[in-house]
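**Q** Per this note's numbering, residue 30 is the first one in the sequence shown, and the count goes up by one each step.
Hints in this document: simulated from the structure, not taken from any laboratory.
Idealized CB from N, CA, C, for every residue including glycine.
There may be inaccurate statements among the hints.
Only pairs whose alpha carbons sit at most 25 angstroms apart, straight line, appear in this in silico DSS-like list of lysine-lysine [as the list claims (entries may be wrong)]:
#1 Lys77 - Lys210
#2 Lys77 - Lys476
#3 Lys210 - Lys434
#4 Lys253 - Lys476
#5 Lys434 - Lys253
Pairwise CB distance ranges, derived in the manner of DEER restraints [said to hold, decoys possible]:
#6 Thr75 - Ser393: 20 to 26 angstroms
#7 Leu379 - Leu46: 28 to 34 angstroms
#8 Asp193 - Thr296: 37 to 43 angstroms
#9 Ala160 - Arg243: 30 to 36 angstroms
#10 Gln272 - Arg390: 33 to 39 angstroms
#11 Ala96 - Pro407: 17 to 23 angstroms
#12 Thr190 - Leu385: 49 to 55 angstroms
#13 Pro441 - Asp193: 56 to 62 angstroms
#14 Val464 - Val267: 48 to 54 angstroms
#15 Asn334 - Asn192: 42 to 48 angstroms
#16 Lys476 - Arg389: 25 to 31 angstroms
#17 Ile304 - Ala160: 44 to 50 angstroms
#18 Gly372 - Leu350: 30 to 36 angstroms
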Amino acid sequence: MNDALDALLLARWQFGLTTIYHFLFVPITIGMATTVAIFQTAWYRTGKVHYLQLTHFFGKIFLINFAMGVVTGIVQEFQFGMNWSSYSRFVGDVFGAPLAFEGLLAFFLEATFIGLWIFGWSRLPRGLHLASIWMVAVGTILSAYFIIAANAFMQWPVGFTLNDARGRAELTDIWALLTNKVALAAFPHTLVACFMVAAGLVITVAAWHLSRGRNLETMRPALKFGLWAMIIAGVLTVLTGDQLGLVMVATQPMKMAAAEALYHTATGANASFSIFTWGTPDGVHELFSIRIPYLLSFLSTHTLNGTVEGINELQAQYVQLYGPGDYTPIIWVTYWAFRWMIGLGLLHVLIAIAGLWVTRRGRSPARWVWRIAIWAFPLSLGAMIMGWIFTEMGRQPWIVFSLMKTTNGVSPEVTGVTVLISLIAFTLIYGILAVVEFRLVKRAAQKGPDPIEEPRDESGEIAPLATVY
30 MNDALDALLL ARWQFGLTTI YHFLFVPITI GMATTVAIFQ TAWYRTGKVH
80 YLQLTHFFGK IFLINFAMGV VTGIVQEFQF GMNWSSYSRF VGDVFGAPLA
130 FEGLLAFFLE ATFIGLWIFG WSRLPRGLHL ASIWMVAVGT ILSAYFIIAA
180 NAFMQWPVGF TLNDARGRAE LTDIWALLTN KVALAAFPHT LVACFMVAAG
230 LVITVAAWHL SRGRNLETMR PALKFGLWAM IIAGVLTVLT GDQLGLVMVA
280 TQPMKMAAAE ALYHTATGAN ASFSIFTWGT PDGVHELFSI RIPYLLSFLS
330 THTLNGTVEG INELQAQYVQ LYGPGDYTPI IWVTYWAFRW MIGLGLLHVL
380 IAIAGLWVTR RGRSPARWVW RIAIWAFPLS LGAMIMGWIF TEMGRQPWIV
430 FSLMKTTNGV SPEVTGVTVL ISLIAFTLIY GILAVVEFRL VKRAAQKGPD
480 PIEEPRDESG EIAPLATVY
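Construct the entire structure; sequences and hints are all you get.
**A** This is the structure:
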């Protein structure tokens, strides 16, 4: 029994750590693909050399992250068979469909057009070469959607039937699976958050160069682009997050109750949202809090007098529906992950707004302002990580909501020692990869854009350049 418990706990830690590590590269890749495409489009339409420099410069950073994301992402699929074979056996027929789409359609689309973009600078017409990077951006977005669709089944299972004889869920409606209302709400929210991360990277790199008086003609437009992109993406993240919250209340009301640590059903002014709460170690009793009346009611129902179900009432309902057990997630994790997600993202947007003000009309702010911009990069990335922690931990104790508990998904024959060995191995390997990634990105970012003269070719093709990847 202890071995099984240890294996479960270690397997959860391993999957959580490797997923978070992999996710460090995902939003940068998704956001930077579109960012590079926008810079190349600007160069295509205006002919200004600094846009071409930005295309090459941030293209290098994009490629580094893409390669690292592929390497770390492969491990995720192996873990389904290694540590979660019971889960894979139960849900593989359903879960495998969107993953197959992601691998065979989206990933190959990305890989093919990345190759054309890298090696096509001196071989493809400008328009076709530009189209190749936009196809890469489309591929990353499609890849994100299929992964989110797979995850959405774990949050709100649809498009399946249970085969009791074989003890598994079987796919019956692929369209229902791909149009799961959780996926339709989570996808735009995740996508615009990725654009926040990419904008944050552009801001940080541009601020580093500008603070040292380097590459001014190239980095000034990059900084302006990053600041505006951060603000626009931040507003869209709030709007899409609001819609995702409504879907969450409709599908997983326990997750919303856990986000607020709301133990008893509340209505109207009593359904308040706490900015900060200090409570007992078990999270059951509140000692001090700062609250906004009606806000939780509005977030959950879009009305000021809406009713929000509490943890205790939902626990009683779930016992009747699913049998005896504790259906409450770890409250302090969901409560603080939800607030860190909001707080970190909002802070990055506020920094971008301040950045537009202090750099207006070409002004150069004080050095400490540049330092804030440089060190602010982890904010939006941290907000996304907190959002995924909230999403996954708020679903507990279910690995597939209402169908399979996490305790039943772990591989029955895997011992705690086996998982511990692989956990240590992955940690060491990922630590090495982290050092490699950081040094490569840092070196590329600090080197800055390579000098480029405007290519001139009577045939309309891009002339060979010195900076080819």
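**Q** Between the alpha carbons of Lys434 and Lys253, is the straight-line distance 25 angstroms or under?
**A** Judged against 25 angstroms, a Cα distance of about 48 angstroms means the pair is violated.
**Q** Does the Cβ-Cβ separation between Lys476 and Arg389 fall within 25 to 31 angstroms?
**A** 29 angstroms, holds
**Q** Check the following: the C-beta atoms of Val464 and Val267 are separated by a distance inside 48 to 54 angstroms.
**A** 35 angstroms, violated
**Q** The hint says 20 to 26 angstroms between Thr75 and Ser393; measuring C-beta to C-beta, is that right?
**A** Given about 25 angstroms between the Cβ atoms, the range holds.
**Q** At the C-beta level, are Gly372 and Leu350 separated by a distance inside 30 to 36 angstroms?
**A** 34 angstroms, holds
**Q** Evaluate the given range 42 to 48 angstroms for the C-beta pair formed by Asn334 and Asn192.
**A** The hinted range 42 to 48 angstroms holds for Asn334 and Asn192, with Cβ atoms some 44 angstroms apart.
**Q** Is 44 to 50 angstroms respected by the C-beta to C-beta distance linking Ile304 and Ala160?
**A** Holds - the Cβ-Cβ distance for Ile304 and Ala160, about 47 angstroms, lies within 44 to 50 angstroms.
**Q** Holds or violated: the 30 to 36 angstroms window for the beta-carbon distance between Ala160 and Arg243?
**A** 33 angstroms, holds
**Q** Just tell me: holds or violated, for the beta carbon distance of Ala96 and Pro407 against 17 to 23 angstroms?
**A** Since the Cβ atoms of Ala96 and Pro407 sit about 21 angstroms apart, the hinted range of 17 to 23 angstroms holds.
**Q** Does the hinted range 28 to 34 angstroms hold for Leu379 and Leu46 at CB?
**A** 31 angstroms Cβ-Cβ, so the 28 to 34 angstroms window holds.
**Q** Has the given pair, Lys253 with Lys476, been kept, meaning a C-alpha gap of at most 25 angstroms?
**A** Holds, at about 20 angstroms.
**Q** Note whether the CB distance of Thr190 and Leu385 lies within 49 to 55 angstroms or breaks it.
**A** 53 angstroms, holds
In the structure shown, a violation is registered for the earlier hints numbered 1, 5, 13, 14, in ascending order.
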